[in-house]
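Chains P and A, in that order, are what the protein sequence lines are.
The first sequence: position 10 = 10 (UniProt numbering), numbered continuously.
The second sequence: position 258 = 258 (UniProt numbering), numbered continuously.
To be clear, the hints were calculated from the coordinates, so they are not data collected in a lab.
Note that CB positions come from ideal geometry on N, CA and C, so glycine has one too.
Heads up, some of the hints might be wrong.
A few chain P residues that don't get close to chain A, going by computed Cβ distances all over 12 Å [said to hold, decoys possible]:
1) Gly-57
2) Asp-74
3) Glu-83
4) Gly-104
5) Leu-111
6) Arg-125
7) Asp-142
8) Arg-182
9) Glu-204
10) Arg-245
11) Gly-250
Residues from chain P that face chain A, not an exhaustive set, calculated with beta carbons under 7 Å [as the list claims (entries may be wrong)]:
12) Phe-31
13) Ala-91
14) Gly-106
15) Ala-109
16) Val-119
17) Leu-133
18) Ala-139
19) Gly-140
20) Ala-141
21) Arg-145
22) Ala-152
23) Ala-164
24) Asp-187
Some chain P residues well away from chain A (every beta-carbon gap over 10 Å; in silico) [unchecked claim]:
25) Leu-107
26) Gly-110
27) Glu-143
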Amino acid sequence: MTLPEASETRFPSARSDPAPLFAADGVTVRFGGLTALDDVSLAARPHEVHGVIGPNGAGKTTFFNVCCGFVRPDTGTLWWRGEPLPGLRPAQLAGMGIARTLQGLGLFAGLTVAENVMVGADRFRRTGFASALFALPRAGADERRLRERADAAMREVGVEDVAARHPGSLPYPVRKRVALARALAADPELLLLDEPASGLGAGEMAELGELVRGLTARMTVILVDHHMDLVMSVCDRITVLDFGRVVAEGAPAQVRDDPAVIDAYLGEEARHG
Amino acid sequence: MRAVLRRLVPRSLLLRNLLGVVAGLVVVVLVLETTSPFRNSQFATMSYYAIAAAGLTVLTGLNGQISLGHGALMAVGAYTTALLLQGGSVPFPLAMLAAAVVTALVGVVVGAAAARLHGPYLAGATLALAVGVPGLAIYFDGLLGGEQGLSVRSPRPPGWFADAHYFLTAGELGGAKYLAYIGWITLLVVVLLLANLMAGRYGRVWRAVRDDEVAAELAGMRLGGLRILAFVVSAACAGLAGAVLAMVVRLAAPSGFTIVLSLSLLTAVVVGGLGSIPGALLGSALLVFLPPAVTNLGTGAGLTGVQAAQLAPFVYGVVLVVVMLLAPGGVMGLLRRLWRRGINQGGST
Ligand SMILES: Nc1ncnc2c1ncn2[C@@H]1O[C@H](COP(=O)(O)OP(=O)(O)OP(=O)(O)O)[C@@H](O)[C@H]1O
Ligand SMILES: [Mg+2]
Numbered sequence: 001m002t003l004p005e006a007s008e009t010r011f012p013s014a015r016s017d018p019a020p021l022f023a024a025d026g027v028t029v030r031f032g033g034l035t036a037l038d039d040v041s042l043a044a045r046p047h048e049v050h051g052v053i054g055p056n057g058a059g060k061t062t063f064f065n066v067c068c069g070f071v072r073p074d075t076g077t078l079w080w081r082g083e084p085l086p087g088l089r090p091a092q093l094a095g096m097g098i099a100r101t102l103q104g105l106g107l108f109a110g111l112t113v114a115e116n117v118m119v120g121a122d123r124f125r126r127t128g129f130a131s132a133l134f135a136l137p138r139a140g141a142d143e144r145r146l147r148e149r150a151d152a153a154m155r156e157v158g159v160e161d162v163a164a165r166h167p168g169s170l171p172y173p174v175r176k177r178v179a180l181a182r183a184l185a186a187d188p189e190l191l192l193l194d195e196p197a198s199g200l201g202a203g204e205m206a207e208l209g210e211l212v213r214g215l216t217a218r219m220t221v222i223l224v225d226h227h228m229d230l231v232m233s234v235c236d237r238i239t240v241l242d243f244g245r246v247v248a249e250g251a252p253a254q255v256r257d258d259p260a261v262i263d264a265y266l267g268e269e270a271r272h273g
Numbered sequence: 001m002r003a004v005l006r007r008l009v010p011r012s013l014l015l016r017n018l019l020g021v022v023a024g025l026v027v028v029v030l031v032l033e034t035t036s037p038f039r040n041s042q043f044a045t046m047s048y049y050a051i052a053a054a055g056l057t058v059l060t061g062l063n064g065q066i067s068l069g070h071g072a073l074m075a076v077g078a079y080t081t082a083l084l085l086q087g088g089s090v091p092f093p094l095a096m097l098a099a100a101v102v103t104a105l106v107g108v109v110v111g112a113a114a115a116r117l118h119g120p121y122l123a124g125a126t127l128a129l130a131v132g133v134p135g136l137a138i139y140f141d142g143l144l145g146g147e148q149g150l151s152v153r154s155p156r157p158p159g160w161f162a163d164a165h166y167f168l169t170a171g172e173l174g175g176a177k178y179l180a181y182i183g184w185i186t187l188l189v190v191v192l193l194l195a196n197l198m199a200g201r202y203g204r205v206w207r208a209v210r211d212d213e214v215a216a217e218l219a220g221m222r223l224g225g226l227r228i229l230a231f232v233v234s235a236a237c238a239g240l241a242g243a244v245l246a247m248v249v250r251l252a253a254p255s256g257f258t259i260v261l262s263l264s265l266l267t268a269v270v271v272g273g274l275g276s277i278p279g280a281l282l283g284s285a286l287l288v289f290l291p292p293a294v295t296n297l298g299t300g301a302g303l304t305g306v307q308a309a310q311l312a313p314f315v316y317g318v319v320l321v322v323v324m325l326l327a328p329g330g331v332m333g334l335l336r337r338l339w340r341r342g343i344n345q346g347g348s349t
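Here chain P stands alone, though its shape is the one from the complex:
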C-alpha cells in the first residue's frame, strides 16, 4: 500500500489550515448507563476526506446520528461554517446540504433506482402541492429537473443502466452504489459515508476510493469504514474512536503508528478471542 502523504501535496489548501466546514465540539451521548460518545471533538475541513475509525461499537454510527439530527447530544455543540448549529431536525440538516449513506442500505424497495435517486434530489424542487395536483407544466419541469440531477448522480457512480430496475433485483455492490447516488443527488456540501465499502470486492473498493477522492473537488466527506487500506489511502485526516472516546487524531501515517490505536484494535482482537 502506498503511503498517503501524497494527499497533503495534492491539496495544498489543506496545509493552510482553513476553518472547518463542520465541527463537533465536546459531544457526549448517553444511552441509559452506556456512554456511546464521550466528549468527542472533530473538525472536518473543506474539501477533505475525514476518516472516523474504531472497533465495533466504538460510537461511529452514533456520531453520524448526532451529525444528522437523529440523536440529540447530552452535551456538546455542532458547528457549521463557523456558526453553532441549533438542534435541528434531520430534514432541516438535509436541506442545508448534509447527506449521508446508511450503514445498511436504506433503499426504498418499492421505488425504481431512478426514483430512489430522485428522492435524494428532492431538496431542489421548486413547486408545491397544487402544481402536482393539477399536473401543471411547472410541476413537469420540476420533475424533469430532478430527473436530470438523478441521471447525473447515477452516471457518476455507474448505475444509469439499471435506472428502471428495483433495488431488490440488483446485486449488493450495485445497491451500495445506488445508495451513494441518492446521497450525491442532494449535491451535499458535507457527505457522511457509513461503511460504504462493506460487501465490496477489492476492485470495487479501489474504484470507490477513487470516486470519493474525486468528490472532494465539490464537497467535504466524513468516512467511516473498517477497511484500513481504503481509509488510509483516501483520508486526509483520521479520528480514532474507542468506547466513545477519541483516542487518536491526525494524518493517516501518524494515526497508524499511534500506540493507542494499535491498543484499541488489539483490544478488539482480544475481545473477539
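Given chain P, put chain A with the ligands in place with the hints provided.
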C-alpha cells in the same frame, strides 16, 4: 410497435391523464345509456365506493397508513351535504365541495394523530373513529336527526342537462341515471387528480416514507407533514364519496356508516391491489356486483332466499382469502405479473 405506441401518447402528464379520463367518460356514457335503471343505481353505488377506495388506496397503498375509519369520514361528508342541501338554496356541487373541505379538515386532525401511530395502534385509533363518529349523530340528534338521520334532497337534473342528454341519446334521463352521472363524473375528477399526484413528486415521496422512514428523513423528507398530507387527500376523497352516497341513497343516517362500511372499503382496496387506482375501482365493482350475483346463483341452485343471501358474504370472504393467498398484490398485481410474463414469452416481437 411499442415505440410507435409511445409516440402516440402525449408527453405531458396532464394531457396523458386527461386523455384517460375522457376515454373513461365515453365508457361511462355508453354503459349508463345501455343499462337498466336498476343497473344505473348499482353503478351510482359503485361510484361512491370507488371514490372512497381510490382515496384509501393512496393512503394505505402508497403511504403505508392503514385506516379502519374511512366509513366515518364518509359520514362527515354525507352529513355536511345533507345539512347544506336541506334549505334547498345551496347548489349541490357547492355542497359536495364543502363536504370535501370539511372532511379534509377533519382529516388534518385525524392525520396529525395518525402520523405518530404505527401498525396496530393506528388501526385501533381509526377503528375508534369508525365506531365513535356515528354515535355523534345520535348524541346531537337535534341537528343530525338521531337514529333516523337526515333525509337528503337529491338534486334534480337541470333543464340544460336533460336537454343535452336527450339531444345526445334520445333517451329519458331518469333520477337514478342522473345520480349515476354525478357519481361517475366526480369519480373521474378524483381519479384524474389522484393519478396526477401519484405519478409525480408526491407519489414518489409517499412511497419513500412508506418504505424506509430513516432514509426518507435523511433525504430531507418531513415525515409528519407528508403523512398528514396523505391522510388529508384521502379524507377529502372520503368526504366526496359521502356526499355522493347521501344524494344517491337520499339519506344520511348512522346505520349507513357502520364499521362494515370501513372494512368493505379496505377489502375492496386489498382485493383490487394496494396502491392501484384501477385496483380500487375493481374492488369497488366487486363490492357492489358480487353479492347480488352470488345470491342469484344461490337461488338458481335451489337455495331459499335467506340461504342465498347468506351465501354472498361467505363468497366475498372466500374471494378475499384466496386473493390474499394467491395474489398478495391483488387483482392488479396478478394482471401485471401475467402481462410481464406475456411480454417475456412474446420475445422480440
Ligand atoms: N439508539 C440506541 N440506544 C441504545 N444504545 C445504542 C443506540 N445506538 C447505539 N447504541 C449503542 O452505542 C454503542 C455505539 O454504537 P454505534 O452503532 O455507534 O457503533 P459503531 O462504531 O457504529 O459500530 P459498528 O462498527 O459495529 O457499526 C453500541 O454499544 C450500541 O449498542
Ligand atoms: Mg456503525
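Hint check results:
1. Gly-57: Given that every Cβ of chain A is farther than 12 Å from that of Gly-57 of chain P, nearest at about 20 Å, it holds.
2. Asp-74: Check passes; 21 Å lies beyond 12 Å.
3. Glu-83: Non-interface label stands for Glu-83 of chain P: nearest chain A Cβ at 20 Å, farther than 12 Å.
4. Gly-104: violated, 9 Å
5. Leu-111: Given that some Cβ of chain A is not farther than 12 Å from that of Leu-111 of chain P, nearest at about 6 Å, it is violated.
6. Arg-125: violated, 6 Å
7. Asp-142: violated, 7 Å
8. Arg-182: violated, 7 Å
9. Glu-204: holds, 22 Å
10. Arg-245: holds, 26 Å
11. Gly-250: holds, 30 Å
12. Phe-31: violated, 17 Å
13. Ala-91: holds, 5 Å
14. Gly-106: OK, holds: Gly-106 of chain P within 7 Å of chain A, min 4 Å.
15. Ala-109: holds, 5 Å
16. Val-119: Holds, about 5 Å.
17. Leu-133: Holds - the Cβ of Leu-133 of chain P comes within 7 Å of chain A, reaching about 6 Å at its closest.
18. Ala-139: holds, 6 Å
19. Gly-140: holds, 6 Å
20. Ala-141: violated, 11 Å
21. Arg-145: violated, 11 Å
22. Ala-152: Result: violated, 16 Å to nearest chain A Cβ.
23. Ala-164: Hint violated; Ala-164 of chain P Cβ to chain A Cβ min 13 Å, cut 7 Å.
24. Asp-187: violated, 12 Å
25. Leu-107: violated, 7 Å
26. Gly-110: Gly-110 of chain P not clear of chain A: closest Cβ-Cβ about 5 Å, inside 10 Å.
27. Glu-143: violated, 6 Å
Taken one by one, the earlier hints fail for this structure at numbers 4, 5, 6, 7, 8, 12, 20, 21, 22, 23, 24, 25, 26, 27, listed in ascending order.
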